[in-house]
Amino acid sequence: MQTTSHNFKQNARDALTDVQLQKALSKMRPGFQQKRADAVAKLPEFEDLRDRGRDIKNHVLENLDFYLERFESNVIANGGQVHWCRNSEEARQTIMEICRSVDAKTVTKGKSMVAEEIGLNEYLEEHGVEPIETDLGEYIIQLRDEPPSHIIAPAIHVNKEQVVEAFRKKHTDLPPDRPLEEVGDITDEARTQLRPKFFAADVGITGANFLIAETGQTVIVTNEGNGDLTQTLGKAHVVVASLEKIVPTLEDASCILRLLARSATGQEFSVYTTFSSGPRRETDLDGPASFHVVLIDNGRSAMLGTEYQDMLRCIRCSACMNHCPVYAAVGGHAYGWVYPGPMGAVLTPSLIGIDEAGHLPNASTFCGRCEQVCPMRIPLPKMMRHYRAKEFTENKTTSQVRAGLGLWSYFAKRPWLYRQSTKLGAVLLHALGGKRGRIAKLPLASGWTSVRDMPAPEGRTFQQLYKMSGHGKKGDAR
Amino acid sequence: MSASENARPRVGLFVTCLVDLFRPSVGFATLSLLEKAGCEVVVPEAQTCCGQPTFNSGDFKDSRDIAANVIEAFEGFDYVVAPSGSCAGMIREHYPELFEDDPAMAMRAQHLAKRTYELTSFLVDIMGVESTGAAFDGTVTYHDSCSGLRELEIKTQPRKLLAAVDGTSIKEMPGAEICCGFGGTFCVKYPEISDKMVTQKAAEIVESGADYLLAGDLGCLLNMGGKLKRLGARTEIRHVAEVLAGMTDQPSIGEGER
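Sequence order for the protein chains is A and B.
Numbered per my numbering, the first sequence spans residues 64 to 541.
Numbered per my numbering, the second sequence spans residues 22 to 279.
No lab work stands behind these hints: they were computed from the structure.
There's no promise every hint is true.
[As the list claims (entries may be wrong)] Calculated lysine-lysine pairs in the DSS-like style (CA-CA distance at most 25 Å, straight line):
id: 1; chain 1: A; residue 1: Lys476; chain 2: B; residue 2: Lys135
id: 2; chain 1: A; residue 1: Lys72; chain 2: B; residue 2: Lys210
id: 3; chain 1: A; residue 1: Lys98; chain 2: A; residue 2: Lys223
id: 4; chain 1: B; residue 1: Lys57; chain 2: A; residue 2: Lys476
id: 5; chain 1: A; residue 1: Lys445; chain 2: B; residue 2: Lys210
Treat the numbers as computed from the prediction; the structure is a model and nothing was measured.
Just chain B, same shape as in the assembly (with noise of 0.2 Å):
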């Protein structure tokens, strides 16, 4: 269904666990940019987590609870949005694989999957938009996030957003692709091999230049703004949807008030 045949898709913001803990101005900003695209939003309130902790542990069954209550959450919306590449991932791919056992629900999570899009590429492919209209002053550098990258394809669509906000300039790194050694709870499973990866990419993001660090993901956001924090560096680390929206009040990520 692409945007002209309905005017006014009803979409569910899925807003994610990391989001709604630690940073819910990424979620305003999404619902903002969702509004201004022409969409009305609607935040189901049973929404918790989309499993992928307790699925990439290896626990299905945990994970085809927890999945099946976003399911039930999410029903009945024409597209379902989420400020993350690794959550939408996980609804689009991973969904339909946790219930190959069980037809009925089978259907329900690839009926779920088929409309559940990362946030800059529903904007874009599915939206249309082209500018978000907002402005911010600074050189920014994008960390590709894995899931959203090999996932969902997510490239040039937060790229081309950020081109058309007014004042932003885009240094690129040369490692944008390499994962940043989050990998959820590997980063606390294998610390050092965690710190060994962000380490490299926290020296490419500042050799960048750029004045802020940017990407789709908060979990990438957290691990890579904790680093560059811990070693004292300058960069602002902030969510895309945060620049996109120009909601950019609020302390960067890792930073305090001002």
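Pulled out of the complex, with its shape left as it was, chain A reads as follows (with noise of 0.2 Å):
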């Protein structure tokens, strides 16, 4: 997938401007936030699960290896294939190759934010495979031919006038007096279209929650049953996952679904809850003759043991992005690449380099919302910090950032100096107040004047008033 995270300031921009994405961003607080509140509220032991979850993972990314084995043998024994991909060209041919094997034309997709990563899309196309997406707001945007801008609510940013613009443009089969008002009305549309696509299909794509390192098993989560339809009916199905979806039993699946839903869109559990045991056995009705498991690393296995390696307890739940401030101000494409919010601001930098995707943890107030939801309990912010560490120490921050750290910190660690400078700036800074008590421009900030007035001091400082008062002569002078 193409990416413009380095344009994030101009992109940011765009989207503060676009009224319709701006109207679309405002039901975040209401929806999200407010569901997610009410069912924690519901559930004692949330915070405990928390921290199972996270002990989970943690076991598994210090045993990575062993897990990902044994996960391998059991979809062996299963029937299936796991097949281990160092990157996305690895894992486009792989996924390619499958498709050859049974002479797709067309294949049908579930959600899946790793295939967004692989571009696999673009891929298929041009090796003369159709992809069709089957989640409905997946299969919106690809009508429009945009990327997600949220992770589980990949249209988050279209409204319903914009929806029905794309059916009629797309569906060249639609009546023009069909009516498409209601919300019943378009997804009616969208399963008419889908329903002969799910049966045509040669090849069925999902995503991955889960991969049970026990069982052998993969897991998917949905609202609609499209990831159902789509593996099931299908000559193969094909699971495409990063390796960090690794869990050792069904029972840690289990405990981290009670999180998942929870943390994501305030059910208790998702509608769909999918688990896949390889491919059609001799008794079974139906499902798939081939079962094959794309399994990515992408970047992932250079994080271990990293101060990025949290990051990779990551489920993919969205709380992060739903409360943070900043995501809700301009929105997920602003973040330029596949993943928004502020887990996109670790994970971005460390699949495609800081170079690209600097800004991203730079574009954060630290304010701390989201690792208080993070049903994981990631540090997000300190891995950001981390982030903005690493460029400084590689002389990536910008020389005026630079020059004004560098100018700040000669002056707070010299006490002396820094009172007789911080005096003079309360007098210049009082004065440049006048009577009005406030600055309404200021050449040197203005990042600060341009949007709103800076409070002028009082003009004298703290130490200097202290000292004036005769408090500071009891010799706590160091």
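Got two chains here, separate frames each, mind docking them using the hints?
This is how it looks when you write it as structure tokens:
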């Protein structure tokens, strides 16, 4: 997928002036946030589950090789295959080969962020295979030819009118007089379009929320049931999953499932939770003839043992972005790649590099709400700060910021000099504030005064006044 | 150590760089509140800044130097108190982290971290203050600054003390826990995003109908105050310490001489 993360600032500006987008984003607070809060309030053991979830994933990450191999041997025992792929290119080729092996013309797809990450749809199209997204949100953005702007609500930036417009444009068999006013009409139309495609597809591709080592199963959660149709009806079922999706046991998956939907949508459980245990067996009534797990590294193993290892606990629930005030201001597309919001601000530079994605870990106020709601207790602000430190030590911080920081720390380390300069600063800024007590325009601080006034200082520093008041003579000067 | 074990605890006042430069009256209000609560208060002259601007910009080396200066200046007190959840959070949560690879300094950092408090939580949780005995006429809305709220769990303490102020009533705004868009250098690095956040915050402050906006962190107050004044809102802005200490003679934040 093409990235525009380096252009975050301009992307954000565009997003802030996009009236329709802003309207869509304003629904985050009463929507996702309230629903999660209600769901969490109803489960007294939620905080304990978070600890357990974190511990399970930490254990996996410390023993990843062991669990991955165990997973593979159980997939094979179930009659399936695991394909180990180091990067996007290997993963795309592997999937294409599977498609070729069944002479595939079309593939249906369940929702998968890692498929977005490896740019699967474009690749399949280039090689003559038509991918059809079957999650409604994904289907809409596929028609609109744009990337998802959210990891569980990919079309959150689109309004109903835009959906109707996309349907009318792309569904050429749709009679112009057929009403599409109600949401029900729209979902009916999507269902009408998708139903025959499920039956016609040669291959079904899904992601995975979990890979269970002890059973060799893969797990998806959906609310539409599209994943089940996708994976059951094709000749082959391909599961694309990144390697940190592994959990040791069914019990571990259950524990994290209890966290997942509550954190994501505020549901106790998703409508469908589907466990896939390999290809169709002799006694099965239906199912795919072959079962493939395409296991993708794509930069993740390089995160092990670094400051960013904790990020691999992420279960893609989206709670962090649902509660992020920056995401709420600019939406997901501004982040410029697959993963938006706080998790994207850590994962994106980890996967595509700090040169491309340097803005993302900087564009945070460190308000800490993401960490507060993260079911896996990922210290997102801390890792963003580490990326800022990486930029700083590699001399990639802008010269303006560097100069400002250098000046600040020069004075902050020299208390006497600091006191003299703040005395001067207080007088000058106070004078600039005049009788109004605030400064409307300050050339060296235009980032501040372009959007708000700067309240003026009172005129003298605390240290100065404290000394004058006679307080400071009791031997506390050092 | 509880207050009863030591009748007159010795407190080092960490003024914070913003209070020192912008609003010394908050420093004096803090001093007065601490003294009234029965503390002996000392203001080390060698203090400058807690190091948060450099720390959050990824300049860990300079942050360590600045932190070392703070650790040095504030050694030997029973407690260190700051009229800011953000600076207290920096010292409590992040100083030990900064010196992870330097055991000797890490020990000193932890020692300081353990006895450092934000003002309202110190008064309520440590000194057991129920009322500051102040009077202040007006309705106030309280913004929960992020670091204080999420790093130090400060939520009830300022409200408890405000409820005891004679003549003051609290009108909560809906998004009191949502970031105002200050974020230190964030607000100047990404002014448009910051503006979007603070504009929404300002609207909710005005909608609350309160006469005053209060908070425990001057950074957030300068941001929200600057926006409210730019928008021409009539809301007045003060640090919670001013109201709790009954020291409200100074013009409010962003206002000139009356």
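Hint-by-hint comparison with the structure:
1. Lys476/A with Lys135/B: Roughly 23 Å between the alpha carbons, so the hint for Lys476/A and Lys135/B holds.
2. Lys72/A with Lys210/B: holds (9 Å)
3. Lys98/A with Lys223/A: holds (22 Å)
4. Lys57/B with Lys476/A: violated (32 Å)
5. Lys445/A with Lys210/B: Within the cut-off at roughly 19 Å; holds.
The structure shown violates just one earlier hint, number 4.
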